[in-house]
Amino acid sequence: MSFPLLTATALTPAIGAVATAAVPAARRTVAKWLALLFSLATVGFAAAVLLRFDTGSGADRYQLTESRSWIEDFGVRYELGVDGIGVAMIALTAVLIPFLIGAGWHDADPPSLPASGQEGPREGEAPATRRWRPTQGFFALILMVEAMVILSFAATDIFLFYIFFEAMLIPMYFLIGGFGDRAGEQDTEEGQARQRSYAAVKFLLYNLVGGLVMLAAVIGVYVATADQLPEGTFSLQAILEARSAGELDFGTATERWLFLGFFVAFAIKAPLWPLHTWLPNAMGESTAPVAVLITAVVDKVGTFAMLRFCLGLFPEASDWATPVVIVLALVSIIYGALLALGQRDIKRLIAYASISHFGFIVLGIFAMTSQGQGGATLYMVNHGVATAALMLVAGFLIARRGSRLISDYGGVQKTAPVLAGTFLIGGLATLSLPGLGPFVSEFLVLVGTFSRYKAAGIVACAGIVLAALYVLILYQRTMTGPLKPGLEKLPDLRVRELTVVAPLIALLIFLGVYPQPLTDIVNPAVEHTLSDVDQSDPEPELPAVEAAP
Amino acid sequence: MIGLLVGAPLLGAAVLLVGGRLLERTGHWLATALAAVSLVLAVTLFLDMLGREGEERALHQHLFSWIPVADLQADVAFRLDQLSMTFVLLITSVGTLIHLYSIGYMAHDPRRRRFFAYLNLFLAAMLLLVLADNYLLLYVGWEGVGLASFLLIGFWQHKPSAATAAKKAFVVNRVGDVGLSIAILLMFTTFGTFAFEPVLANANETGEGTLTAIGLMLLLAACGKSAQVPLQSWLGDAMEGPTPVSALIHAATMVTAGVYLITRSGAIFNAAPDAQTVVIVVGAVTLLFGAIVGCAKDDIKKALAGSTMSQIGYMMLAAGLGPVGYVFAIMHLVTHGFFKAGLFLGAGSVMHGMNDEVDMRRYGGLRKYMPITFVTFGLAYLAIIGFPYLSGYFSKDEIIYAGFSQGGAEGWILGGVMLLGAALTAYYMTRIMLLTFFGEKRWQPDAQGHEPHPHESPLSMTIPMMVLAVGSVGAGFFFDSGERFVHWLEPVTGLGHGDSPVSHGTVALAATGVMLLGVVGAWWQYGRRPVPVVAPAGRWITRAARRDLLQDDFNHAVLVRPGNYLTRGLVYLDHKLVDGVVNGTAASVGGLSGRLRRVQNGFARSYAVSMFGGAAVLVAATLLMRAV
Amino acid sequence: MNDLQAPDIEWVALSPSLIVFGAAILGVLIEAFLPRKQRYYAEVAVSTLALAGAFAAVVGLAAGGHASGEAQVAGMGALAVDGPALFLQGVITLVGLVSVFLFAERRLEPALHGASVDSFAAAPAAVPGGPAEKEAVRAGWTTTEIFPLLLFAVGGMLLFPAANDLLVLFIALEVLSLPLYLLCAMARRRRLLSQEAAVKYFLLGAFASAFLLFGVALLYGYAGTVSYSGIAEVVSGEPGAIEPGLAGTMGNDALLLIGGAMLVMGLLFKVGAVPFHMWTPDVYQGAPTPVTGFMAAATKVAAFGALLRLLYVVLPGLRWDWEPVLWGVTIASMVGGAIVAITQTDVKRLLAYSSIAHAGFILAGVVAVTEDGVSSVLFYLGAYSFVTLGAFAVVTLVRDSGGEATHLSKWAGLGRRSPLLASVFALFLLAFAGIPLTSGFAGKFAVFRAAADAGAMGLVVVGVLASAIAAFFYIRVIVLMFFSEPKADGPSVVIPSPFTSTVVGLAAVVTVVLGVAPQYFLDLAGQAGVFVH
Amino acid sequence: MNPENYLYLSALLFTLGACGVLLRRNAIVVFMCVELMLNAANLALVTFSRMHGNLDGQILAFFVMVVAAAEVVVGLAIIVTVYRSRHSASVDDASLMKL
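For the protein sequence lines, the chains are A, B, C and D, in the order given. Just so you know, the numbering used here puts 389 at position 389 of the first sequence, and the rest follows in order with no gaps. Just so you know, the numbering used here puts 1033 at position 33 of the second sequence, and the rest follows in order with no gaps. Just so you know, the numbering used here puts 2049 at position 49 of the third sequence, and the rest follows in order with no gaps. Just so you know, the numbering used here puts 3070 at position 70 of the fourth sequence, and the rest follows in order with no gaps.
These are calculated hints, taken from the structure and not from any lab test. Source: prediction; values computed, not measured. If a hint is listed, it holds; no wrong ones were tucked in.
Here are the simulated SDA-like cross-link-like pairs (lysine to any residue), alpha carbons at most 25 Å apart as the crow flies:
{"id": "1", "chain 1": "C", "residue 1": "LYS2410", "chain 2": "C", "residue 2": "ASP2489"}
{"id": "2", "chain 1": "C", "residue 1": "LYS2134", "chain 2": "C", "residue 2": "PRO2035"}
{"id": "3", "chain 1": "B", "residue 1": "LYS1576", "chain 2": "A", "residue 2": "ARG194"}
{"id": "4", "chain 1": "C", "residue 1": "LYS2037", "chain 2": "C", "residue 2": "GLU2109"}
{"id": "5", "chain 1": "B", "residue 1": "LYS1159", "chain 2": "A", "residue 2": "LEU487"}
{"id": "6", "chain 1": "C", "residue 1": "LYS2410", "chain 2": "A", "residue 2": "ARG194"}
{"id": "7", "chain 1": "A", "residue 1": "LYS489", "chain 2": "A", "residue 2": "ASP109"}
{"id": "8", "chain 1": "B", "residue 1": "LYS1159", "chain 2": "A", "residue 2": "LEU490"}
{"id": "9", "chain 1": "D", "residue 1": "LYS3098", "chain 2": "B", "residue 2": "LEU1592"}
{"id": "10", "chain 1": "B", "residue 1": "LYS1368", "chain 2": "B", "residue 2": "MET1351"}
{"id": "11", "chain 1": "B", "residue 1": "LYS1159", "chain 2": "B", "residue 2": "GLU1357"}
{"id": "12", "chain 1": "B", "residue 1": "LYS1159", "chain 2": "A", "residue 2": "PRO491"}
{"id": "13", "chain 1": "C", "residue 1": "LYS2134", "chain 2": "C", "residue 2": "PRO2110"}
{"id": "14", "chain 1": "C", "residue 1": "LYS2134", "chain 2": "C", "residue 2": "SER2401"}
{"id": "15", "chain 1": "B", "residue 1": "LYS1368", "chain 2": "B", "residue 2": "PRO1452"}
{"id": "16", "chain 1": "B", "residue 1": "LYS1576", "chain 2": "C", "residue 2": "ALA2468"}
{"id": "17", "chain 1": "D", "residue 1": "LYS3098", "chain 2": "C", "residue 2": "PRO2128"}
{"id": "18", "chain 1": "C", "residue 1": "LYS2134", "chain 2": "D", "residue 2": "LEU3076"}
{"id": "19", "chain 1": "A", "residue 1": "LYS489", "chain 2": "A", "residue 2": "ASP408"}
{"id": "20", "chain 1": "A", "residue 1": "LYS484", "chain 2": "B", "residue 2": "PRO1160"}
{"id": "21", "chain 1": "C", "residue 1": "LYS2410", "chain 2": "C", "residue 2": "PRO2496"}
{"id": "22", "chain 1": "A", "residue 1": "LYS414", "chain 2": "B", "residue 2": "ASP1109"}
{"id": "23", "chain 1": "D", "residue 1": "LYS3098", "chain 2": "B", "residue 2": "SER1610"}
{"id": "24", "chain 1": "D", "residue 1": "LYS3098", "chain 2": "C", "residue 2": "GLY2403"}
{"id": "25", "chain 1": "D", "residue 1": "LYS3098", "chain 2": "B", "residue 2": "PHE1612"}
{"id": "26", "chain 1": "C", "residue 1": "LYS2134", "chain 2": "C", "residue 2": "GLU2109"}
{"id": "27", "chain 1": "A", "residue 1": "LYS414", "chain 2": "B", "residue 2": "HIS1158"}
{"id": "28", "chain 1": "C", "residue 1": "LYS2037", "chain 2": "C", "residue 2": "SER2116"}
{"id": "29", "chain 1": "D", "residue 1": "LYS3098", "chain 2": "C", "residue 2": "SER2409"}
Based on the sequences and whatever the hints tell you, model everything.
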């Protein structure tokens, strides 16, 4: 057995989390640097994964596989392995986290510290909260989430995936509920705390319910395998092989129920209308880095799992559900965009924009074409980076003014041109301007969808216009026009903030101009997925032409 | 080589944007230099192309594979044929001139560096647009110029009007872009590719229905970019941008991209007559629409904008005519590029001297103060109204002739419309001339109370104007002599000959006639007696025209307001309904809990009752199970 | 009538319970003969040693193969020494041992008149606040009788799941119950509540055991014997030797069904399943918290053991009769417990209702009449008992001037004041909620999987929904502890003696280990899945 | 005479006891009713052992009596303490804990 690369990739942040949490209360900065260090180490390992991954035509579907026995009694094995999609997602996660840590550098400083730019220490708790270490906790939790996300991207054992899929909720929950930017509509400390915990509980309950429904389905899968195969198993590969060998057949009704069990969980995680309402609260109340963590990393597990598990395990059921899912996705696209237009709160606006984008991702996945699914995968990556750029800059802005309301801003570009510029670029990426990453993926999704469902493709196109509207309106209201009172002294991006944003923008441009490395990794995996659901791309009307250029 | 053509200005933009403070002093020179570089490149390529014969003239360059996914193969590849060459020359030359002009015009603007960065960005995008060899890459350029225009229109962001105009322009263009993207999707599903070669080559093989659909979608895109009805509303507001921008983007180059698109896709339109008819109608309508608006505006730039729309209407119409018209559409496009740019630069120079005053009713008699501007502007004016043997005369008359040559009623209608348009053109241009340069001075101190001191602009501004003036005078004759332009473009666009009921000569005569009519009319109204500083109420048509024929009111009533209501409604529903259902369930469970709680009333005996009852049920159920 | 012969007793096989009972009697003697000052130490020592010894004995027996191959029926068919019995006895002895530590904790209460005291009444018999009590307090007395009582209870619990005939079942029930009734009444603070709890528990308990006894009588009437195996034979219809006298009642199914139902009801009462659960909240709240912890953990284990044996050994023939009924009880317990818990405001009551819901989850495993079912239940019981114990141990530590601050509102911001304790408690809550990587999840999964395997997918779905509801109130507590501002006059966390610290630590460790690497214990439970007949 | 009648009697006694538990307030009386139920069970046991002609039932009965005695000890102890502290033996008065 070769060096367990995937385990190492996931273990690094986990260790980092423990180490960070162990740092004594007074040594905040140490904790921060420690966290950053470990997240960078993770990037190193992820890069190794990227390099070791063989994209050749003859290569295995799942690579870097590891398999150890864990709980035989449940038929659970510690099975890791990645296909191209998994690699892409792991890379995205690993790359984003350091930026989030850098962006959240001061988010978790206790209010008593001047650094966080908050009012003075609150009286009467200095001795009581002596052992209270929010900063250490914040970064430790982020790393913990990273570890779990990476594991769920790498898990090829359904049960293993489920465990981390569920477990990551807890650290996320504390991140959302514990560390809001103190800029909500509620002006009292108390009121904000209430809103935060409401958002956190909502997040947890939504996802927990989804997860529990999935648990039932997971058990169902085990039972089904148990009475058809020599012994029950959770191993994705084993099940796939058995199915292709014709030894395993869930039977139509069962398969559909199981599919629903899985799909509901994933649809909640990657908020799909009408299960989306937790996202705006969660993203609105939490600090910008956490918001990014939610939408750019954690939610991707949902869409990723649709590709890997829903389609892989239940092809017929997926096919059966496709029409409904497509409609839901379209509704999400339009609905999310329209609601984004109606928001008064910058972060909630971005949240609804994300809902719209997740609509695109799901649309691509269920279009069942290689362009669609390849596009969806690219979309996951691009949307992650783009939202990170936009949301982080928005976070910097909000931290400066202490308000999330769009109406509190105006003419910012006068005092902070660089901030405005980066914000604009983030926005343009969000409306998928050609030349930036998201365009490629959005176009692929559209092509993929259109070539199978013309009407759906055209409806989705309407989303493009709406995206332009909400992004540009946001930009116009906040950045242009006469300077709003209270912003005269607004400082421009600091070095730390610039170093966080600039690479993201560079990445966006690179992905937009030369996505080929990514597509090379993703394509084979997509082909496999398509063959799982035995679908193939529809032929063009004039096949003769294909040979032309 | 071709890549470099796009790369140079792109590099400039990047350097200027990233470079920051360092380049405040030198930035604009760098930008201009890079624009010049691409001009030089263009010229060399042009000469090189002339060196080759007919078919070999077209060049291809494949840079790298952009998006390879299964059957979908999108490449970054360029195609330089006569059509592209024409545009490249126009863009680089006018572009360079306007860079030069801007050095003077923006001399005092603190954010000059950014301005030039954006200009370079625009050049790059525009060149990409005309050089792309597949529709997707063209789309990139297409949106790229949109972005540049957004940035430049909104360059003076502190003015809310400017910011709004910028947003409006981008969004309206986005609507058009959707058309283009749908067209691309259709091409992919039909031909399995969207590169020019295979698509255009096989256009005839597929059903006319599909082609009509593609054509209409392309037209939608063209309408967005070229400000044709019904997507014309943004162009007027776009004049909020600095004047050089209006000259370069919103007169000479970007707005003509629509014409390029349709000419480029000629093969598709030729096979889809219905689509062509729509193009013609759009062109005709816009032609008059713009002209009417142009007649009523007192803002010099808005008036010129109206004229731009109308002129592009001509081109559209010509392009709609098919092979008969393509060549002349492009020809008019080029000449128009020269004289319209000249006009705008002139207007800019005037404003420069008048404290950025734009209301023509506050000008008057400026010819004494700024002679060079007067002369250059005047020449451009003569060119646009089609004064015999100046540029406009050739290009426009050819289009009118082509219109007649449709034959039958259609021919007469088109010809008539275009003649009417010509008359109107003459009218509003003369009006501008009179109001600006003739009559007595009408300007007063502005709000701050300083009197404008009209003066001639610096050389960096006047030189480009002179060059353009030369262009507007000579270009037409140069192109037309020996059908040079026709032969040049024929290999790409093809050439058709309709049978016109009237001869060339007659058309020329008629055109000149209506032109004179328009001039006289304008003089009758504005030349004879002094012009009131405050515009008279005017008749309903004037009032409507001042409001751009109510286009904004229409959009607002039909799109904006319902849209707002829709979003507000949805926000409410999302909170009350979608969220409400969830919270409702939670609440109801809570309520149930509260009710069940009461059973636990603390009395041991009632607990005993529940136990006893439970036992009874247990026994009963067990017996029942046995019974059934 | 053949002449009497002395019964032969397998002393070794019975050693665990014998050790405990012996120690209990020794404890009584200590109370009688040692001076007050030394009793406490003597009692603690004795009970600790006894329970440790008993645990060792259990392990020894298991290692000796009594759990699998060597499984036997000892004491002339009175007691079974087999896998389930030993596994549960092991759990019970451990829980008992840990509970001894909780009982022995003396750092929490402020020292009175120089004497450090535990959380039990100085003179339980005296009137609260009366002169006698004051006197006792001044004298610094403490009720060291709690230790023998604990031992007796443990002894009863050891017999309960091992009981192999109805007589022993009844005796064991009483032996484990009576000491508990008394222990409930002995809280040092809030004595009225404590006594009320005792009364309710006692009356209802006696009521229930009366039902159970009548059930015993009917079964005896049906089968003519009290030994499980004998009854099982008659039920399954191949009685050994039919005596003529039996003819009248033998095989009268009415007797069998009614008797069986009453028996089951008696056990469900101890388990605390709806609708026999109503004593649970009051008793849990009123009893001294260490006792509550012990009760909640150990009683459930013992009672479920007995229930399993009854259903699997005596009544498998009746499966089709009792299974649907138990389905009903299961669903009622899961849903009812979860729903009512939502609106609770007292930590101990909250945990009580959650224990009801958990009784439902465990029943889901019981209903699946398979070997997997048994072992999943065993595992769940093991995991659950330690989480419960840990949770109640934490409750004992959060105190204000009025003793333990059990009202939830007082727990606000605990996470700020003492993050460590709050996190541990959060861990227990998450385990209750069945979040992955905690023992609760492993247990829940095992039980649900067993149920699903046995075709009870319906139960699984309901159970899943119930746990979703349950999750809500566990999370409410976490929110309270971590996300709300600490109150100025909030409770403080007492630094306990090593006793309680050990308990909390152990419980936490077990929770995590059973969550992350449950394989070993699953194997254990798996091997212990077979009942001896 | 037919031993089954004793069974009916015992069933009757048991039910009476149960009803007593449900209806009476005084803790002592309630407790006595429980004792009644136990003894009803005893009667049944003895009767059955008579019918089956084996002694198990009677042995059981003896055990039950002992247990009942033990229960009395514990029960009375508890009830008396409660009576002392709140001067009432009513079950319903002991209802501080509810909901």
